[in-house]
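Place chain B on chain A using the hints.
2 protein chains.
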Amino acid sequence: MADAKTTDRMEKTVSLCKRRGFIFQSSEIYGGINGFWDYGPLGAELKRNVKDLWWRTMVHDREDVVGLEATIIMHPQIWKASGHVDTFADLMRECPVCKKRYRADQVEPRSGRVYKCLGAAGTDAKGPSRIEFPFETIVPKGKPPIESGKERAKKFYSALKLSAAEPFGETISEEVSNSVDFCSDPTCGGKLSAARPFNLMFKTYVGPVADEENVAYLRPETAQAIFAQFKNVLETSRQKVPFGIAQVGKAFRNEVTPRNFTFRSREFEQMELEFFIRPDEAIEAIYGSVAKPGIGHPGEPQPNWGWEMWHKYWVEERVRFYESIGLPRTTLEEYWQKPEELAHYARATVDILFKFPFGTQELEGIAARSDFDLSQHERFSGNSMGVFDDELRAAWAKLDEGRKKELADRYSQARYKYLTKSGVALEPAAKEAKEDAEGLAKGQYIPHVIEPSAGVDRLILALICNAYAEDQAPDEKGSMESRVVLRFHPRIAPIKVAIFPLLKNRPELVSKAKQVRDLLRPLMTVFYDDGGAIGRRYRRQDEAGTPFGVTVDFDTLGEKGPELQDTVTLRERDSMKQERVKISELTRVLQEKLR
Amino acid sequence: MADAKTTDRMEKTVSLCKRRGFIFQSSEIYGGINGFWDYGPLGAELKRNVKDLWWRTMVHDREDVVGLEATIIMHPQIWKASGHVDTFADLMRECPVCKKRYRADQVEPRSGRVYKCLGAAGTDAKGPSRIEFPFETIVPKGKPPIESGKERAKKFYSALKLSAAEPFGETISEEVSNSVDFCSDPTCGGKLSAARPFNLMFKTYVGPVADEENVAYLRPETAQAIFAQFKNVLETSRQKVPFGIAQVGKAFRNEVTPRNFTFRSREFEQMELEFFIRPDEAIEAIYGSVAKPGIGHPGEPQPNWGWEMWHKYWVEERVRFYESIGLPRTTLEEYWQKPEELAHYARATVDILFKFPFGTQELEGIAARSDFDLSQHERFSGNSMGVFDDELRAAWAKLDEGRKKELADRYSQARYKYLTKSGVALEPAAKEAKEDAEGLAKGQYIPHVIEPSAGVDRLILALICNAYAEDQAPDEKGSMESRVVLRFHPRIAPIKVAIFPLLKNRPELVSKAKQVRDLLRPLMTVFYDDGGAIGRRYRRQDEAGTPFGVTVDFDTLGEKGPELQDTVTLRERDSMKQERVKISELTRVLQEKLR
Numbered sequence: 007m008a009d010a011k012t013t014d015r016m017e018k019t020v021s022l023c024k025r026r027g028f029i030f031q032s033s034e035i036y037g038g039i040n041g042f043w044d045y046g047p048l049g050a051e052l053k054r055n056v057k058d059l060w061w062r063t064m065v066h067d068r069e070d071v072v073g074l075e076a077t078i079i080m081h082p083q084i085w086k087a088s089g090h091v092d093t094f095a096d097l098m099r100e101c102p103v104c105k106k107r108y109r110a111d112q113v114e115p116r117s118g119r120v121y122k123c124l125g126a127a128g129t130d131a132k133g134p135s136r137i138e139f140p141f142e143t144i145v146p147k148g149k150p151p152i153e154s155g156k157e158r159a160k161k162f163y164s165a166l167k168l169s170a171a172e173p174f175g176e177t178i179s180e181e182v183s184n185s186v187d188f189c190s191d192p193t194c195g196g197k198l199s200a201a202r203p204f205n206l207m208f209k210t211y212v213g214p215v216a217d218e219e220n221v222a223y224l225r226p227e228t229a230q231a232i233f234a235q236f237k238n239v240l241e242t243s244r245q246k247v248p249f250g251i252a253q254v255g256k257a258f259r260n261e262v263t264p265r266n267f268t269f270r271s272r273e274f275e276q277m278e279l280e281f282f283i284r285p286d287e288a289i290e291a292i293y294g295s296v297a298k299p300g301i302g303h304p305g306e307p308q309p310n311w312g313w314e315m316w317h318k319y320w321v322e323e324r325v326r327f328y329e330s331i332g333l334p335r336t337t338l339e340e341y342w343q344k345p346e347e348l349a350h351y352a353r354a355t356v357d358i359l360f361k362f363p364f365g366t367q368e369l370e371g372i373a374a375r376s377d378f379d380l381s382q383h384e385r386f387s388g389n390s391m392g393v394f395d396d397e398l399r400a401a402w403a404k405l406d407e408g409r410k411k412e413l414a415d416r417y418s419q420a421r422y423k424y425l426t427k428s429g430v431a432l433e434p435a436a437k438e439a440k441e442d443a444e445g446l447a448k449g450q451y452i453p454h455v456i457e458p459s460a461g462v463d464r465l466i467l468a469l470i471c472n473a474y475a476e477d478q479a480p481d482e483k484g485s486m487e488s489r490v491v492l493r494f495h496p497r498i499a500p501i502k503v504a505i506f507p508l509l510k511n512r513p514e515l516v517s518k519a520k521q522v523r524d525l526l527r528p529l530m531t532v533f534y535d536d537g538g539a540i541g542r543r544y545r546r547q548d549e550a551g552t553p554f555g556v557t558v559d560f561d562t563l564g565e566k567g568p569e570l571q572d573t574v575t576l577r578e579r580d581s582m583k584q585e586r587v588k589i590s591e592l593t594r595v596l597q598e599k600l601r
Numbered sequence: 007m008a009d010a011k012t013t014d015r016m017e018k019t020v021s022l023c024k025r026r027g028f029i030f031q032s033s034e035i036y037g038g039i040n041g042f043w044d045y046g047p048l049g050a051e052l053k054r055n056v057k058d059l060w061w062r063t064m065v066h067d068r069e070d071v072v073g074l075e076a077t078i079i080m081h082p083q084i085w086k087a088s089g090h091v092d093t094f095a096d097l098m099r100e101c102p103v104c105k106k107r108y109r110a111d112q113v114e115p116r117s118g119r120v121y122k123c124l125g126a127a128g129t130d131a132k133g134p135s136r137i138e139f140p141f142e143t144i145v146p147k148g149k150p151p152i153e154s155g156k157e158r159a160k161k162f163y164s165a166l167k168l169s170a171a172e173p174f175g176e177t178i179s180e181e182v183s184n185s186v187d188f189c190s191d192p193t194c195g196g197k198l199s200a201a202r203p204f205n206l207m208f209k210t211y212v213g214p215v216a217d218e219e220n221v222a223y224l225r226p227e228t229a230q231a232i233f234a235q236f237k238n239v240l241e242t243s244r245q246k247v248p249f250g251i252a253q254v255g256k257a258f259r260n261e262v263t264p265r266n267f268t269f270r271s272r273e274f275e276q277m278e279l280e281f282f283i284r285p286d287e288a289i290e291a292i293y294g295s296v297a298k299p300g301i302g303h304p305g306e307p308q309p310n311w312g313w314e315m316w317h318k319y320w321v322e323e324r325v326r327f328y329e330s331i332g333l334p335r336t337t338l339e340e341y342w343q344k345p346e347e348l349a350h351y352a353r354a355t356v357d358i359l360f361k362f363p364f365g366t367q368e369l370e371g372i373a374a375r376s377d378f379d380l381s382q383h384e385r386f387s388g389n390s391m392g393v394f395d396d397e398l399r400a401a402w403a404k405l406d407e408g409r410k411k412e413l414a415d416r417y418s419q420a421r422y423k424y425l426t427k428s429g430v431a432l433e434p435a436a437k438e439a440k441e442d443a444e445g446l447a448k449g450q451y452i453p454h455v456i457e458p459s460a461g462v463d464r465l466i467l468a469l470i471c472n473a474y475a476e477d478q479a480p481d482e483k484g485s486m487e488s489r490v491v492l493r494f495h496p497r498i499a500p501i502k503v504a505i506f507p508l509l510k511n512r513p514e515l516v517s518k519a520k521q522v523r524d525l526l527r528p529l530m531t532v533f534y535d536d537g538g539a540i541g542r543r544y545r546r547q548d549e550a551g552t553p554f555g556v557t558v559d560f561d562t563l564g565e566k567g568p569e570l571q572d573t574v575t576l577r578e579r580d581s582m583k584q585e586r587v588k589i590s591e592l593t594r595v596l597q598e599k600l601r
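Chain order of the listed sequences is A and B.
All residue numbers in the first sequence are consecutive under the numbering used here, ending with 601.
All residue numbers in the second sequence are consecutive under the numbering used here, ending with 601.
What the hints contain is simulated information worked out from the structure, not anything from laboratory work.
Do not take every clue at face value.
Heads up, the list lumps identical chains together, so a pair's fine if it works in one copy or across two of them.
Unchecked claim - Derived lysine to aspartate or glutamate pairs resembling DMTMM-like cross-links, with alpha carbons at most 20 Å apart:
| id | residue 1 | residue 2 |
| --- | --- | --- |
| 1 | K298 | E322 |
| 2 | K440 | D92 |
| 3 | K105 | D477 |
| 4 | K520 | D70 |
| 5 | K583 | E549 |
| 6 | K122 | E100 |
| 7 | K518 | D572 |
| 8 | K483 | E346 |
| 9 | K520 | E69 |
| 10 | K209 | E219 |
| 11 | K106 | E219 |
| 12 | K209 | E261 |
| 13 | K256 | E227 |
| 14 | K105 | E219 |
Isolated chain A (complex conformation):
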């Protein structure tokens, strides 16, 4: 996947990010902190633009979506309900000697002699007792032991605050090759524990007492806050199902191996929409049938859409969004998860992938999550997450009995499946599922949800990778030199236009250029640069991805005749074409190009 050429391209991109102030390593002066990245001046603007465009597209331009901004630390019970406390984990193996942990599937095989040390007496926290267990370490083949198995055993006991009441015994147990049972630290080699789940949520304590009662987590996703506040938003926003709640914000995952620059980091930002819809049975009761998706974008939302149409719609809308900010469809792939890959509650999940230099990887997942999330919070909080739908109630009353039974049975079966899969015993599950179907007949249900969930940081990385190009451009004397250019879509470019007086030491040029800068600044981000040769200044802005450059020269001052007076050179980054534009028309011309 990652051949020399793509590795090289990735390295150049990373280097440009640092050099031009897009992305820095967090805490770099202290040696950095693995899995954390900061956005410098250009990166911060790029990220703002992308998040703003997402918010505009998902919230402001729509009638049916509202925003939310919830806290990162929430009640820990939310993560019980979501399943994160119990199942959001990697399998890890621990070395009892040096305490290092390894992803169970990433232990490097080792060969060598295994020293076994058979137990010792000690005193543990429950009082004096005799502890006996085999203690093994490996020493690589052909190398002298750095310290004997016995020494390591002593260290281990001492770390456990055990006092060895009897001398340690030592034997060489066996020779092994390619064993994945030993710590791969060359100065250690302890025998790894069995694989145990290691939760990926960052844990902290709220309030002055650090005990189990006060545990809290940094959210591993922004979605759950939306579910937890669903009723509050519904009741205060004058929305009714179908409608969505959008949120942009930080999330945290204590990844064991952060990698691929900012792609998989421990602190990242998400843009998530939870779009709440009627269950299909309600649509069928009201409209007779549920619309089925065909090829391509299904067009404007219609009342008879069930989850399949809404899911398809959001997949297409999201791809459109990526196209609108400069990721061509050819750089993207859609991956429809196979039935066996889906979580038990998921009806369908589509991943939108981008062709990164290091491989084709996920930018966003669009999942049809049934009524799982709200149902979980209803069960765990004891608060109703249901809505009342008077259209459904009225329509249901007019159905014939056979149809009523058919829809009620289907709804009841789905609820039964959810309840039993979520740990409710068969008998109460059957009772509750029946009650849920009776509720449906009265117009009550828990909304289903479609979730388009995008990662901001990986999108920024995709946009930078996609924009990165090297081509040839003329230098000061007209001979060609290679140039690095970020071909950002003007909508997302950190700086929209750079203003250059041709010469720094000609006050008329400088003063005119500053007038142009002040004219444009209220309308777009501008950068004024009077340093160095004009070609070098162009080159700097090419690397920053600035789509337009405006040069104030002697023509502007009218020195080559009145017809060019108060015109400027407008240079386009990608084509490097230059045109002459009147200052009085510059605002309009640029605003059109930036739309």
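Relative to the frame of chain A, chain B by itself:
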């Protein structure tokens, strides 16, 4: 301070925030989590507007400030350098029985009988041993003991996992009144420990091993990331001193007693600028003298400004900002910290206070922090935080010897003061201070900083409190009724304009109203509402703080003659005045009012 009227006003404001979806309690369905608040749809938009305006004012509208977006979790050494690990703490006392902690200055006095229990033998983690210490609890005067001191002692031992090998002794030691030495939980009453510092940073662990090596903190302020990345930003942004770096983002403080709604919460957002300037000695060397502030705003920045002018400038700029978003100067107070209140490194600090219903409290602090922050990071990271200033180098060479000595001595003294106060021993401090002065002569120094640091959440609360008003408005039949209105400045209002078709069941009205909505939506946030009587719809928007309402009525359709055709009623929220505006002019009219 908080009399019945202001309490009532605050309660009404809190209630409105919930009712209209500005602010919800975080995790409300799970009983909430103390000190955490979510922003609902209107609150999220309000907050976005305020943060955007801050960014526009502080970054985009200026030549000399760039942005940064750093991580919340950074290298823990940053918080050693900043002083937060050692000194960002409240003094707390702990109850050994129930483990509750109390702010040392907030323990409630208790009166009653004190039971003393004198020790027992037990086994601790280091093996069998005899532990003896007095154990005291208080039982309130006139009440029967809920459980005896002996029982509590047993519980205490059991909580420590100590087994009592000998029976507990019990005595009644004394009667006390108004003692602040006992736990105020009525079911407890253990004798509190001595006051110990409790760090207010939230702690977590990065990576799979939860040991001291992997401790990390959630940032308690956004400022430090700016200092840590100062050199990276300087080197990539084409800025030179004086210039600033701005950041908006979440910060976390594990407050012992969060209070006053969102004013003091545990998770909050900051808007911070660190504006880096030359030390006064450099200004004097270059310009002969340092400009001194007079009354009021000092105007456009000048090269001969020292820290006093820059500090004054930022105080005035920040007050201007608050005025520009609708907080009149009369609602604000400036508090200049007294010399004895300042930290040793601070030259001056001004707090901008707002008159909240619960008291006059800080919105923002503007501190002149000398070169303390960058100096600390230079010492702790071992990386230079200094800059080279060729103007200074050139100017210094032209100074006479007396002047050189005077400036070098003053600079050296300031450095010596910083170094010794920061724990460097006298001799090396003197040597280093001398070297620093020699560096100054060569054009090298660590920039000083002015820090305007604002709290977003408390500003949002101030804006809501300031906007809240009750007045009289005519109902449907023209008789006066009381109305609640949020008089937000149009710049920050979550919704700029509401569009109302007079009647929902007249397709021509609805279709025209939707045309108007689609006309305005690309330019501003709009809300379309066709539900209920027009008066009720106005009232709802008044409560949401929407400054303008546009009604499409029969006149719009031309039913009262062609001269009113394609005109709408534009209603202003505060005055409730209505004017007739042509649809073709609506965009221009509204954009002018929103500026």
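Tested hints:
{"no.": "1", "hint": "K298 with E322", "verdict": "within (15 Å within a copy, 61 Å between copies)"}
{"no.": "2", "hint": "K440 with D92", "verdict": "neither (29 Å within a copy, 60 Å between copies)"}
{"no.": "3", "hint": "K105 with D477", "verdict": "neither (50 Å within a copy, 67 Å between copies)"}
{"no.": "4", "hint": "K520 with D70", "verdict": "between (44 Å within a copy, 14 Å between copies)"}
{"no.": "5", "hint": "K583 with E549", "verdict": "within (17 Å within a copy, 53 Å between copies)"}
{"no.": "6", "hint": "K122 with E100", "verdict": "within (18 Å within a copy, 46 Å between copies)"}
{"no.": "7", "hint": "K518 with D572", "verdict": "within (9 Å within a copy, 43 Å between copies)"}
{"no.": "8", "hint": "K483 with E346", "verdict": "neither (63 Å within a copy, 64 Å between copies)"}
{"no.": "9", "hint": "K520 with E69", "verdict": "between (41 Å within a copy, 11 Å between copies)"}
{"no.": "10", "hint": "K209 with E219", "verdict": "both (12 Å within a copy, 16 Å between copies)"}
{"no.": "11", "hint": "K106 with E219", "verdict": "between (28 Å within a copy, 12 Å between copies)"}
{"no.": "12", "hint": "K209 with E261", "verdict": "both (13 Å within a copy, 17 Å between copies)"}
{"no.": "13", "hint": "K256 with E227", "verdict": "both (8 Å within a copy, 16 Å between copies)"}
{"no.": "14", "hint": "K105 with E219", "verdict": "between (26 Å within a copy, 12 Å between copies)"}
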